[in-house]
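If you read the protein sequences in the order shown, they are chains A and B.
In terms of the working numbering, the first sequence opens at residue 1 and continues consecutively.
In terms of the working numbering, the second sequence opens at residue 325 and continues consecutively.
A portion of the hints provided could be inaccurate.
Lysine-lysine pairs mimicking DSBU-like chemistry, simulated, CA-CA at most 30 Å apart [stated by the list, open to error]:
no.	chain 1	residue 1	chain 2	residue 2
1	A	Lys112	A	Lys55
2	A	Lys305	B	Lys524
3	A	Lys148	A	Lys176
4	B	Lys867	B	Lys524
5	A	Lys184	A	Lys324
6	A	Lys305	B	Lys867
7	B	Lys401	A	Lys305
8	B	Lys408	B	Lys495
9	A	Lys148	A	Lys55
10	B	Lys867	A	Lys55
11	A	Lys236	A	Lys176
12	A	Lys176	A	Lys233
To give an idea of the interface, some chain A residues facing chain B are shown, with a C-beta separation under 10 Å as derived from the structure [as the list claims (entries may be wrong)]:
no.	residue
13	Ala36
14	Pro163
15	Ala248
These aren't lab readings, by the way, just hints derived from the structure by calculation.
Ideal placement from N, C-alpha and C gives every residue a C-beta, glycine not left out.
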Amino acid sequence: MACLLAACAGRQSALDPQGLQSEQIQQTLFIFLAVAAAVWIAVVIVLALSMVRRKRLADQPLDLHQGFEERTGRVILGLGIATTVIVLGLSIVSYAGQRTVFAKDEHALTLKIIGHQWWWEVRYEDDSPHRSFVTANEIRIPTGRPVKVELETADVIHSFWVPSLTGKMDLITGQKNELQFTAKNAGVYRGQCAEFCGLQHAHMAFAVIALPPDEFARWRDHENQGASSPTDKLGKQGEALFRARGCALCHNISGTLAGGQFGPDLTHIGSRTTIAAGTLPNTPATLGAWIADPQHIKPGSLMPKMPLQSGELITIIHYLEQLK
Amino acid sequence: MSMAAEPRELRDDVLNGLQLSTQLERVWRTPSGFLGALMSVDHKVVGRRYIVTAFVFLLLGGILAVLMRIQLAGPEKTFLSADKYNQVFTMHGSTMMFLFAVPVMEAFAVYLVPLMVGTRNIAFPRLNAFSYWMFLFGGCFLWISFALNVGPDVGWFAYVPLSSLQYTPTKRPDVWAQMITFTEVAALAVSVEIIVTVFKQRAPGMTLDRIPLFVWAMLVTSFLVMFAMPSIMVASTSLILDRLVNTRFYDSSSGGHPLLWQHLFWFFGHPEVYIIFIPGTGMVSAILATFARRPVVGYPVVILSLIATGFLSFGLWVHHMFVTGLPQLGAGLFTASSMLIAVPSGLQIFCWLATLWDGRPVYRTPLLFVIGFVVIFVLGGLSGVMVASVPIDTQVHDTYFVVAHFHYVLIGGAVFPLIGAVYYWFPKIAGRMLSERLGRWNFWLAFIGFNVAFFPMHILGLIGMPRRVYTYTADMDWAHLNLLSSGGALIFALSFALLLVNVIYSLRKGELAGDNPWNASTLEWATASPPPPQNFDRIPVVKHRDPLWADNESLPVVAGLSAERREVLLTSLAEAEPQIREASPEPSIWPLLTAIATTVFFIGSIFTPWAVLWGTPPMAVALIGWFWPTGSKEDEE
Chain A
1 MACLLAACAG
11 RQSALDPQGL
21 QSEQIQQTLF
31 IFLAVAAAVW
41 IAVVIVLALS
51 MVRRKRLADQ
61 PLDLHQGFEE
71 RTGRVILGLG
81 IATTVIVLGL
91 SIVSYAGQRT
101 VFAKDEHALT
111 LKIIGHQWWW
121 EVRYEDDSPH
131 RSFVTANEIR
141 IPTGRPVKVE
151 LETADVIHSF
161 WVPSLTGKMD
171 LITGQKNELQ
181 FTAKNAGVYR
191 GQCAEFCGLQ
201 HAHMAFAVIA
211 LPPDEFARWR
221 DHENQGASSP
231 TDKLGKQGEA
241 LFRARGCALC
251 HNISGTLAGG
261 QFGPDLTHIG
271 SRTTIAAGTL
281 PNTPATLGAW
291 IADPQHIKPG
301 SLMPKMPLQS
311 GELITIIHYL
321 EQLK
Chain B
325 MSMAAEPREL
335 RDDVLNGLQL
345 STQLERVWRT
355 PSGFLGALMS
365 VDHKVVGRRY
375 IVTAFVFLLL
385 GGILAVLMRI
395 QLAGPEKTFL
405 SADKYNQVFT
415 MHGSTMMFLF
425 AVPVMEAFAV
435 YLVPLMVGTR
445 NIAFPRLNAF
455 SYWMFLFGGC
465 FLWISFALNV
475 GPDVGWFAYV
485 PLSSLQYTPT
495 KRPDVWAQMI
505 TFTEVAALAV
515 SVEIIVTVFK
525 QRAPGMTLDR
535 IPLFVWAMLV
545 TSFLVMFAMP
555 SIMVASTSLI
565 LDRLVNTRFY
575 DSSSGGHPLL
585 WQHLFWFFGH
595 PEVYIIFIPG
605 TGMVSAILAT
615 FARRPVVGYP
625 VVILSLIATG
635 FLSFGLWVHH
645 MFVTGLPQLG
655 AGLFTASSML
665 IAVPSGLQIF
675 CWLATLWDGR
685 PVYRTPLLFV
695 IGFVVIFVLG
705 GLSGVMVASV
715 PIDTQVHDTY
725 FVVAHFHYVL
735 IGGAVFPLIG
745 AVYYWFPKIA
755 GRMLSERLGR
765 WNFWLAFIGF
775 NVAFFPMHIL
785 GLIGMPRRVY
795 TYTADMDWAH
805 LNLLSSGGAL
815 IFALSFALLL
825 VNVIYSLRKG
835 ELAGDNPWNA
845 STLEWATASP
855 PPPQNFDRIP
865 VVKHRDPLWA
875 DNESLPVVAG
885 LSAERREVLL
895 TSLAEAEPQI
905 REASPEPSIW
915 PLLTAIATTV
925 FFIGSIFTPW
935 AVLWGTPPMA
945 VALIGWFWPT
955 GSKEDEE
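Okay, chain A solo, but in the shape it has when bound (with noise of 0.2 Å):
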């Protein structure tokens, strides 16, 4: 049980609840959970007697008795009305959290979330161009602030759930979806694709970070830089091979020449906790063993395997750490 209640308060867990969205759901399960365990304890009750209580005796299956036909039929009668009272209460008490839930508010920070196979690109967009990033597979929001997530998908249909601050929104092809939520509590939450879409589904993770609202505001200004420049030899390297590799046809870094736009964002992968869209943390041996051999990590994976000197993999290796 002790076991139980920790695998409870996980960082995907619809019932360790720290943003307002999902503390409410959890309200009207809990209501619900109640009410489902009360009628079925019931129903079990009134089997378990009714296969232990005295019987008649003699196997004469038409011999009812009259009375008990009509007694039983006033108690199923007054059972089936109940059992509509129940559930016509519970459809209120569902509307009633579903308001809140989806309650909107005008002043919500706004993102966009575009769903790739299989990873998240997180586009902070700002009126002035400048003010305005790109990211990959971290969401990073500020703590008591809404947050309105707009959900579209580059290929096929994605959900983004994160059980910790609120339930799920498909992302679907051709139309625009959105979602409101509110951290209440600073962390690291994880959130996960929840539609099949395709081979790697089961690796399609992404980490919501809230952080104190000053502190989002420093990372937001951090994050409107383009990358900073290798300092080193060996990350002035890890750049030209970047960009000779082929690295650069698919994935952007901003402020270098480095502009492709099918993989994932990479300006500052340095600072990112995990790779691939959640499937490992984020290290020097994580991040070498993923260029090197994706299809290994992640089979079917869109990133090709490229060819690389073991000498030029610790290279670029060593400019996207770098890139923080």
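Assemble the complex: chain A is given as a structure, and chain B must be docked to it using the hints.
Just chain B now, kept in the frame of chain A:
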């Protein structure tokens, strides 16, 4: 030629006893030999094949489930690759829904309904044979494709655009979509047969309020099939057209929309659940009456509940789409309509509990499975009420909570009654009893294994585990519960192995059953076990809802049907008054040939549109052969 010159036809009123039996058997039997077996139009022969085939698919689908549970028993396992896993879970869902759950219920209906309403064969017996061949060929097509690594891998729901040519440029989704077409044809055919059999071929005196509850359930189910299946047929055909000839039904960049697929799919998909569950309730009612030793309480309530369930089931498909960004008020209304289905389901549960309360229960294996059904299904129904709520659904949708929910509803609501039904009707079909000792082991292993396998999934879903993932990372805290679930799945699988052992053992060594081993009340128990080809020597007359309990020793009969050619008695729809003697078709090879021609047409058409053109003449030839006048008496009239 005057009519009087014809010699009077031999009727069953001038023959008696063994003489009558032998004569009718000669007229109704399936021709001997391999060719004869292929020509059979006997509903019992076809029904038996249907049941066995559906159980073979259950076995195959079950093996896939075990493979998935092995893969998920721990994090980042490599037992199955991502590609294989996606095929396996798609095949599991498609097999269980399209090749097991729906067909097996229809199979039992094909076998039992004509016996239960007291007629000699199902309506349109050749269509029935054709239906079986289509089901068999469709199932084989899917599984042979899977063996050739062309098994579908886009989920049993095949959402576009993932299943479109652009994102899955293989033949896999075509195989899936065309398998649907096969099973649709088979299911629609059976539905028509069941409806006509129930409406027009009931024994005299079996008025609407004397129809056995199982037959009522199958009647309602057949109507559901007729209204729900066309929706998936439209959906899958449009998908194939999009993929093969570049139509744009689901392409949002050309004015189509992917949500069109979801609406069409779930407009079928939700009634589908009731197409599986309602026959289960019919089985429960039949078993309960027999083993509680009294009729089910509230016969009209149960029937009205079935009909209400049927209607309501078409008004709640949207609850599968709560997270697609629908208008909030609309979604809220579908919450209410989805929960409302708890009312008719609840009423039936109350009636069954009251039956058990007042009855004198005899705890044999079928009743154990019914009790297991109540415990499991009620839990599944209640978790269904939870997922019907929009806010709760936004958390649990597409997670293991939903996997737990629908396995509680479908295994609890349909498979437990079904296994109970196997124990209950096996003596009628095979003439021998299944072992009671193995039966008890079977029940307890199934009950415990099922709950250990599926209950933890509720929690897994709530702590964040999505469905349809081939693995999960080690840091997710899901490993323990998954391991527990996998252990339960093995126990559950063992219970089915035990059922198989029991069936094989009892077919040879089982105790002889006799006509009515359970002392049950419905007409199928009024004939021999297994029933002779003609079902009944003389058509029974029904004067009571429970004819064998009311007229224990001497069931009244009518006579006057032909004894030298196949003939059934048609009766009126409401009162079941005799109306006319109707010829029933002879065995024929044409249904098989037509099914082969149709199969070539269907499979060919996923490779080239020309198959539609070149596939048509053979089908036309087969159908002409099928309907060629044979010079029988009916043709001359």
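Status of each hint after checking the structure:
{"no.": "1", "hint": "A/Lys112 x A/Lys55", "result": "violated, 67 Å"}
{"no.": "2", "hint": "A/Lys305 x B/Lys524", "result": "violated, 68 Å"}
{"no.": "3", "hint": "A/Lys148 x A/Lys176", "result": "holds, 13 Å"}
{"no.": "4", "hint": "B/Lys867 x B/Lys524", "result": "holds, 17 Å"}
{"no.": "5", "hint": "A/Lys184 x A/Lys324", "result": "holds, 27 Å"}
{"no.": "6", "hint": "A/Lys305 x B/Lys867", "result": "violated, 78 Å"}
{"no.": "7", "hint": "B/Lys401 x A/Lys305", "result": "holds, 23 Å"}
{"no.": "8", "hint": "B/Lys408 x B/Lys495", "result": "holds, 15 Å"}
{"no.": "9", "hint": "A/Lys148 x A/Lys55", "result": "violated, 63 Å"}
{"no.": "10", "hint": "B/Lys867 x A/Lys55", "result": "holds, 28 Å"}
{"no.": "11", "hint": "A/Lys236 x A/Lys176", "result": "violated, 41 Å"}
{"no.": "12", "hint": "A/Lys176 x A/Lys233", "result": "violated, 46 Å"}
{"no.": "13", "hint": "Ala36", "result": "holds, 4 Å"}
{"no.": "14", "hint": "Pro163", "result": "holds, 5 Å"}
{"no.": "15", "hint": "Ala248", "result": "violated, 26 Å"}
When held up to the earlier numbered hints, the structure conflicts with 1, 2, 6, 9, 11, 12 and 15 and fits the remainder.
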